[in-house]
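Peer 1: So the chains spell out like this:
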Amino acid sequence: MMSDPSFYILLAYGLTTITLTTMVAIFVKQRRQTQRLLEELKK
Amino acid sequence: MIQKRNFFTSKAAPLVLIALLLVGWFLALFIISPDRNQGEVYRIIYLHVPLAFAAFFSVLLLLIYSVRTLLQKDISKRSLTLIGQKSAVEVGLAFTLLTLATGSIWAKPTWNVWWTWDARLTTTLLLAILLFCYLALYNTLNHSSQRMLPCSLLGIVIAIDVPVIYQSVNWWRTLHQPQTILRRGGSSIDPQMLYLLLFNLFVMVAIACYIILYRKHNLKLLDEIERTA
Chain A
-14 MMSDPSFYIL
-4 LAYGLTTITL
6 TTMVAIFVKQ
16 RRQTQRLLEE
26 LKK
Chain B
5 MIQKRNFFTS
15 KAAPLVLIAL
25 LLVGWFLALF
35 IISPDRNQGE
45 VYRIIYLHVP
55 LAFAAFFSVL
65 LLLIYSVRTL
75 LQKDISKRSL
85 TLIGQKSAVE
95 VGLAFTLLTL
105 ATGSIWAKPT
115 WNVWWTWDAR
125 LTTTLLLAIL
135 LFCYLALYNT
145 LNHSSQRMLP
155 CSLLGIVIAI
165 DVPVIYQSVN
175 WWRTLHQPQT
185 ILRRGGSSID
195 PQMLYLLLFN
205 LFVMVAIACY
215 IILYRKHNLK
225 LLDEIERTA
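Protein chains in written order, with my numbering: chain A, -14 to 28; chain B, 5 to 233.
Wrong hints could be hidden among the right ones.
Okay, derived cross-link-like pairs now, EDC-like style, lysine to aspartate or glutamate, Cα gap no bigger than 16 Å in a straight line [what the hints assert, rightly or not]:
# : chain 1 : residue 1 : chain 2 : residue 2
1 : A       : K27       : B       : E44
2 : B       : K112      : B       : D122
3 : B       : K81       : B       : E228
4 : B       : K112      : B       : E44
5 : B       : K112      : A       : E25
6 : B       : K81       : B       : D194
7 : A       : K27       : B       : E228
Because the hints were derived from the structure by calculation, they are not lab data.
Computed from a predicted model, the values in this text were never measured in an experiment.
Kindly generate the complete structure, drawing on both the sequences and the hints.
Peer 2: Here's what the structure looks like:
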């Protein structure tokens, strides 16, 4: 498996996809929480 | 709070950027021919180099925000540029760590090691450590007035590392390949590969820019809540 180039390609692209998706998901979740907080404050 | 209207604040932006990223990755993985020397594994270049440039772009934004914070006299505008610094550092750190990780994955089949204390790798690791230190410093200080000077100065120091990383392959004898895109005498890469690399590079930089602006807007809202609370 370690001599197969596909393993390294999949590892690199997979790791990047997971990391970027997680980062964006955290930021989106925080944005939603902030907006909810803002709406509560306005009330 | 009203956000300036441009491509990056539009609702279509994330969809367009994801579509462009998928097109770039599809071409890189399935369409373009393998490299004569490295074979299939060279396809990591279409990920590793764009990630590195996205990290450099984040640090460039950090430098701009740091200088603006130091030059700005209006305190409310200074806190906004400080927020810009933090967003650039957070996203820049993620892209730097991904650059190191993908570089390490590419190094194993080509150099037969996961890591070596090569000048390019070491200076990039130093960038990641400095960005981490910036976040530690930012979170240690409680108020934006305390953060402004030390964080902005550290932001400028961090930016100095980027030209060092870029020139490291010329200044020291390294295992890392020399510059292939921006070099004297023109690019040494095949034009077909170069165009795809530049396409992926611009898409990744645009994604970094989008994430930084998105994060900055959220931090601005949080700052506003803290002020009113």
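Peer 1: Evaluate each hint against the coordinates.
Peer 2: Outcome of the hint check:
The hinted pair formed by A:K27 and B:E44 fails the criterion: a straight-line CA distance of about 56 Å is larger than 16 Å. Distance restraint check for B:K112 and B:D122: the Cα-Cα separation of roughly 14 Å lies within the 16 Å cut-off, and the hinted pair is therefore satisfied. The hinted pair formed by B:K81 and B:E228 meets the criterion: a straight-line CA distance of about 13 Å does not exceed 16 Å. For the given pair, B:K112 sits about 14 Å from B:E44 by alpha-carbon distance, which is consistent with the 16 Å threshold.
Proposed proximity of B:K112 and A:E25 is contradicted: the alpha carbons are some 52 Å apart, above 16 Å. For the given pair, B:K81 sits about 46 Å from B:D194 by alpha-carbon distance, which is inconsistent with the 16 Å threshold. The hinted pair formed by A:K27 and B:E228 meets the criterion: a straight-line CA distance of about 12 Å does not exceed 16 Å.
In this structure, the hints that do not hold are numbers 1, 5, 6, in rising order.
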